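J.: Each chain is listed here by its residues.
There are 2 protein chains.
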Amino acid sequence: MAAPAVAFSGSPLDRADNIRCDPDALGGLMDWRARLLKLDGLIPGITNDGTLEWGTLADAADDAELVFLGLLDGKACFAAVPEEGAGGPADPRAWQVLGLLQPADLALYGGARSLVDWHARHSFCARCGSPTKPAKGGWQRNCPACGAEHFPRTDPVTIMLVEHEDRLLLGRQPRFPPRMYSALAGFVEPGETIEEAVAREVLEEAGVTVHDVEYVASQPWPFPSQLMIGCHAKASDDALTIDRTELDDARWFTRGELLEAREAGPQGNDTIIYPRPFAIARTLIDWWLDR
Amino acid sequence: MAAPAVAFSGSPLDRADNIRCDPDALGGLMDWRARLLKLDGLIPGITNDGTLEWGTLADAADDAELVFLGLLDGKACFAAVPEEGAGGPADPRAWQVLGLLQPADLALYGGARSLVDWHARHSFCARCGSPTKPAKGGWQRNCPACGAEHFPRTDPVTIMLVEHEDRLLLGRQPRFPPRMYSALAGFVEPGETIEEAVAREVLEEAGVTVHDVEYVASQPWPFPSQLMIGCHAKASDDALTIDRTELDDARWFTRGELLEAREAGPQGNDTIIYPRPFAIARTLIDWWLDR
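Line order of the protein sequences matches chains G and A. The first sequence: position 110 = 110 (our numbering), numbered continuously. The second sequence: position 269 = 560 (our numbering), numbered continuously.
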């Protein structure tokens, strides 16, 4: 079965990997025709038409580090690294702006944001502490002192629908608004398969043993740079032992409860607020309800 | 369908995430009963029985950074961060030793290696350049100067069987031994789904457009710390445009050719050497041949 559509995917950019590695070709593109993604810190500029705003390289500060995003309609696209990175979740202002964008622009912005945010938070060499310099059009940083090469991070995270007798296990993180429940999730650690990470997270957070873990869909999540790997798993039984340091609550929801919550819209109903747009949790629950 | 078995998976360790975050509990485990994984640099010690060799914490250097691997048979297991990391592929000596290990020990070693190798190469803060300190039993490093938190890397890589009319597309990297062909592969970049990364890599490296990308299996690969995400995809046609900076060669192999190569063993036959044990490429091709 084809993977369901997810937010932050479907970027129209050609990443043009061959150009990154060719300083002459890259230099040749950095003229008045090149486009610069307008950013205020990490917040995108938006035109009156609700599309991403672009300027030219002349709009960048003289000492700005520029990253090559790729080609769009034959034009080279760049973004400037902001002085401060974010590294964490998006703030309310970002969500407000992102809600205005069409899917292709959202995907383009997400990839660009992850990349410039990484640069802003990684200007020193983790191996020796010296300042590093961007290389390969901004897809690498090199350390002139010790020779180490550093690459943008993409952190795989498993996020899973756990099913038992036609009910789904959803949980609340302490930082969630009241009544919002979502799929359990956690970073894949060194030394784990995707399936092992799913089983460990569900056992740690909810005390539930799972089997038959299956991949459903993936999504890039640019806050700051996760690869969300959406899975479905079956629970061996429905007894919960909730890790209260990780979760405020977790419970089983019937198909009927989830259909009602989806129907109730962004404010939810008395029981639950359905996960917000953009989140792969929503895509996964939609997929489960509609299949 | 259940994911096929892969090397470096199935670690018998309980990662005991709750202990990492509890300094008192962790400190209480660091006594004479705790076990220390014997490492010479990043190479494991092996007993005469072909199992991983363990010592006690007294075997570690006084100033060694210790990471908490987890619990095994109720005993706390640690590894010491070596003075030098590796960061790249395993050397021939490592492969020789790893060939002696049973799957559970291989998985345990792989996870430990990724973690201590990361520490050895990340002792400074990428944000401000100051020395960092291990935290949470070695699953984090904190910067006392700027407050940044740093986490071990796990880098997702897509690796894919591309199929066209019952033939598979395999390629040779320049560093491969003569006649060795394997599945195409490449890092997932910020802003991509797994499926998009597969399609981009195959187009970049071989000039082939794919559709119907499906996840098959994943594998942790501890050289230094990849999450290999194995997929299957269908090619729209079989014309190849090979990127010679990435690949020495790529070609389509019939089922018969691959069955013969597998049969021929580690030295292969006149046409091809089948991918080596441990590699998920081998698992994937086996899966395709045998399904």
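Since the hints were made in silico from the structure, they are not lab data. Treat the hints loosely; a few may be bogus.
Stated by the list, open to error - FRET-style restraints, in silico, Cβ to Cβ:
#1 G:Cys-21 / A:Arg-384: 51 to 59 Å
#2 G:Leu-71 / A:Pro-469: 34 to 42 Å
#3 A:Leu-363 / G:Asp-62: 51 to 59 Å
#4 A:Gly-336 / G:Ala-60: 36 to 44 Å
#5 A:Gly-438 / G:Met-30: 29 to 37 Å
#6 A:Thr-532 / G:Met-30: 24 to 32 Å
#7 G:Glu-53 / A:Gly-365: 40 to 48 Å
#8 A:Pro-394 / G:Glu-53: 52 to 60 Å
#9 A:Glu-375 / G:Ala-25: 33 to 41 Å
#10 A:Gly-438 / G:Cys-146: 20 to 28 Å
#11 G:Cys-128 / A:Pro-314: 43 to 51 Å
#12 G:Ala-104 / A:Gly-498: 41 to 49 Å
Stated by the list, open to error - Anything over 10 Å on all C-beta distances counts as not near chain A; from chain G, calculated:
#13 Arg-15
#14 Asp-17
#15 Asp-24
#16 Gly-55
#17 Leu-57
#18 Pro-92
#19 Leu-108
#20 Leu-115
#21 Trp-139
#22 Asp-155
#23 Glu-192
#24 Ile-194
Computed from a predicted structure; not experimentally measured. Cβ coordinates follow ideal geometry from the N, Cα and C atoms, glycine included.
J.: Decide, hint by hint, whether the structure agrees.
T.: Structure-based check of each hint:
no.	hint	result
1	G:Cys-21 / A:Arg-384: 51 to 59 Å	violated (32 Å)
2	G:Leu-71 / A:Pro-469: 34 to 42 Å	holds (37 Å)
3	A:Leu-363 / G:Asp-62: 51 to 59 Å	holds (57 Å)
4	A:Gly-336 / G:Ala-60: 36 to 44 Å	violated (54 Å)
5	A:Gly-438 / G:Met-30: 29 to 37 Å	holds (36 Å)
6	A:Thr-532 / G:Met-30: 24 to 32 Å	holds (27 Å)
7	G:Glu-53 / A:Gly-365: 40 to 48 Å	violated (59 Å)
8	A:Pro-394 / G:Glu-53: 52 to 60 Å	holds (54 Å)
9	A:Glu-375 / G:Ala-25: 33 to 41 Å	holds (36 Å)
10	A:Gly-438 / G:Cys-146: 20 to 28 Å	holds (24 Å)
11	G:Cys-128 / A:Pro-314: 43 to 51 Å	violated (29 Å)
12	G:Ala-104 / A:Gly-498: 41 to 49 Å	violated (24 Å)
13	Arg-15	violated (7 Å)
14	Asp-17	violated (5 Å)
15	Asp-24	holds (14 Å)
16	Gly-55	holds (21 Å)
17	Leu-57	holds (21 Å)
18	Pro-92	holds (23 Å)
19	Leu-108	violated (8 Å)
20	Leu-115	violated (5 Å)
21	Trp-139	violated (8 Å)
22	Asp-155	violated (7 Å)
23	Glu-192	violated (6 Å)
24	Ile-194	violated (4 Å)
Hint compliance for this structure: hints 1, 4, 7, 11, 12, 13, 14, 19, 20, 21, 22, 23 and 24 are not met, and every other hint is.
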